[in-house]
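All chains should be modelled from the sequences, with the hints used to inform the complete structure.
FYI, in my numbering the residues of the sequence shown are 127 to 542.
Accuracy of the hints is not assured; some may be wrong.
Derived DMTMM-like pairs (lysine to aspartate or glutamate); straight-line CA-CA distance at most 25 Å [unchecked claim]:
1. 297 x 360
2. 403 x 290
3. 366 x 340
4. 526 x 513
5. 166 x 320
6. 247 x 494
7. 239 x 182
8. 503 x 360
9. 403 x 490
10. 503 x 513
11. 224 x 320
12. 453 x 169
13. 230 x 441
14. 278 x 290
15. 503 x 542
16. 364 x 309
17. 453 x 177
18. 224 x 542
19. 341 x 260
20. 378 x 165
21. 364 x 320
22. 481 x 412
23. 366 x 320
24. 474 x 462
25. 166 x 227
26. 364 x 350
27. 502 x 441
Have a look at the derived ranges for each label pair, beta carbon to beta carbon [claimed, not checked]:
28. 285 x 261: 53 to 59 Å
29. 294 x 372: 24 to 30 Å
30. 376 x 453: 43 to 49 Å
31. 342 x 261: 20 to 26 Å
32. 291 x 209: 50 to 56 Å
33. 376 x 441: 49 to 55 Å
34. 283 x 181: 47 to 53 Å
35. 173 x 209: 47 to 53 Å
36. 527 x 242: 52 to 58 Å
37. 283 x 542: 18 to 24 Å
38. 311 x 288: 18 to 24 Å
39. 283 x 364: 24 to 30 Å
40. 471 x 173: 21 to 27 Å
In case anyone wonders, no lab produced these hints; they're calculated from the structure. No residue lacks a Cβ here, since even glycine has one placed at the ideal position from N, Cα and C.
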Amino acid sequence: MKKTAFILLSLLLSVSLWANGQQEAKTDGSQTISYAFWDKNQEPGMKAMADAFMAENPDITVELQVSSWSDYWTKLEAATLGGNMPDVFWMHVTRFYKYADAGKLMPLSDRIKSAGLDMSKYPAGVTELYTIGDEHYGVPKDFDTIGLVYNKEIFDAAGITYPDASWDWNKMVEVAQKLTDAENGVYGYAAAVDRQEVYYNYILQNNGTIIDYEKNRSGFDSPETIAAIQHLYDMIHKYKISPTVQQMADTKPNAMFSSGKLAMYFTGAWNVTWLTKNEITSQIADLAVLPMGKRRATVYNGLANSVAADSQAPDAAWRFVEYLGSKEAQLISAAEGSAIPAYEGTQKPWIDYNKDFNLNAFVEQLGDGFVYPFSKKSPQYLQFEKETMVKIMNNEIGVKEGCRVIANRVNEVLSD
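Following this line, the structure appears as structure tokens:
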């Protein structure tokens, strides 16, 4: 009983934090709408866009509501239950179907058509992530790819040339072996169990598939995928260039990196603000494209701006989302270093945001990108996939057997 009361109280408190989410028009005809998002590092960019929008639309006031990733979804769910969702908010593909299927996202296709918003200006994969049938439920905000972060100090001390586009898997292992100093707890690379930042990229680079949507089945049991996971496993157990799964659970790769205990790891473009502003990493880090397997490949994803289906100010909310998706707004966001803007031709200010870093490494890989594989059924198997990957990397189950176990589970879900 006490636990139930606590949960209810937590939900009420979450709703109260977004209590200004939806407001009726004021007597003078002006309206206030809310804009909710989860990344404090991107707040300057969101504020700059909101300020520019309000300057052009003095009848609309935009209130920013920023939270941490976990708090954001707790608040959004509570606000949904309380009928008080923010008017405009970020949407992530892993939560998209939950809110779209529940009818909580405003259909935008008619408004997009009336506004003449050219959806071809955004990466097609990102647009499709937030589309069901012919209906759009979000306007792309940004996209992200994966890059290789390296510690310049460790490379310099070893007299080794920095990574570049000529690197392949073998070159990275070769260099990582030279940079690994087991006695002092220094590793050349972090073979982390992270689908978007790590192992999906290896699968794709080896011509493997994660989900074969034409056949509606998993690609985890394909020879190419199994070989890719074997390569990742070997980095820990054969080449000894990576910390163990437990070591990386105790100390995250980015923390190892900033403490001088890690030479290289893969990271998403969303971590750029931390890399460039952190007191330590801003001095020791730089970026390169991912080493190539049989082909060059990276997972890419992106966020969208969505509108609450029950917004009390739907027209004002749409005007703001339309603006956020414009070239003008995304250039403003790019100049603040918020994220890689989705609109075609707006990426250069983001690349130039910090010229001490090779930020173009993220942007130039979009042409080799494969959109993050996610569907309505993905939540039914992703946790199992990760748990099994941990077992594989911990040597608790063989690579081939583990990959087949994952494939069988995914196929069961897809065939249901």
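Checked hints:
1. 297 x 360: holds, 15 Å
2. 403 x 290: holds, 23 Å
3. 366 x 340: With Cα atoms ~38 Å apart, residue 366 and residue 340 exceed 25 Å; violated.
4. 526 x 513: Given pair residue 526, residue 513 holds - Cα atoms ~15 Å apart, limit 25 Å.
5. 166 x 320: The given pair, whose Cα atoms are some 23 Å apart, holds under the 25 Å limit.
6. 247 x 494: It holds: about 18 Å lies between the C-alpha atoms, which stays within 25 Å.
7. 239 x 182: holds, 22 Å
8. 503 x 360: Violated, at about 31 Å.
9. 403 x 490: holds, 22 Å
10. 503 x 513: Distance of about 17 Å is within 25 Å: holds.
11. 224 x 320: With a Cα-Cα distance of about 23 Å, the restraint between residue 224 and residue 320 holds, given a limit of 25 Å.
12. 453 x 169: holds, 19 Å
13. 230 x 441: With a Cα-Cα distance of about 16 Å, the restraint between residue 230 and residue 441 holds, given a limit of 25 Å.
14. 278 x 290: With a Cα-Cα distance of about 13 Å, the restraint between residue 278 and residue 290 holds, given a limit of 25 Å.
15. 503 x 542: holds, 10 Å
16. 364 x 309: Distance ~17 Å between residue 364 and residue 309 Cα, so the pair holds.
17. 453 x 177: It holds: about 16 Å lies between the C-alpha atoms, which stays within 25 Å.
18. 224 x 542: Holds, because 18 Å separates the two Cα atoms, which is no more than 25 Å.
19. 341 x 260: holds, 22 Å
20. 378 x 165: With Cα atoms ~19 Å apart, residue 378 and residue 165 stay inside 25 Å; holds.
21. 364 x 320: holds, 20 Å
22. 481 x 412: Holds, at about 10 Å.
23. 366 x 320: Distance ~19 Å between residue 366 and residue 320 Cα, so the pair holds.
24. 474 x 462: holds, 12 Å
25. 166 x 227: It is violated: about 29 Å lies between the C-alpha atoms, which goes past 25 Å.
26. 364 x 350: Satisfied, since the Cα-Cα distance of roughly 19 Å is no more than 25 Å.
27. 502 x 441: violated, 29 Å
28. 285 x 261: 53 to 59 Å: holds, 57 Å
29. 294 x 372: 24 to 30 Å: Given about 29 Å between the Cβ atoms, the range holds.
30. 376 x 453: 43 to 49 Å: Because 45 Å falls inside the window, the suggested range holds.
31. 342 x 261: 20 to 26 Å: holds, 22 Å
32. 291 x 209: 50 to 56 Å: For residue 291 and residue 209 the Cβ distance comes to about 51 Å; the hint holds.
33. 376 x 441: 49 to 55 Å: holds, 51 Å
34. 283 x 181: 47 to 53 Å: Hint holds: Cβ distance 50 Å, inside 47 to 53 Å.
35. 173 x 209: 47 to 53 Å: Violated, at about 27 Å.
36. 527 x 242: 52 to 58 Å: Holds, at about 54 Å.
37. 283 x 542: 18 to 24 Å: Given about 54 Å between the Cβ atoms, the range is violated.
38. 311 x 288: 18 to 24 Å: Distance hint for residue 311, residue 288 holds at roughly 23 Å.
39. 283 x 364: 24 to 30 Å: At roughly 25 Å between Cβ atoms, residue 364 and residue 283 fall inside 24 to 30 Å, so the hint holds.
40. 471 x 173: 21 to 27 Å: holds, 23 Å
Hint compliance for this structure: hints 3, 8, 25, 27, 35 and 37 are not met, and every other hint is.
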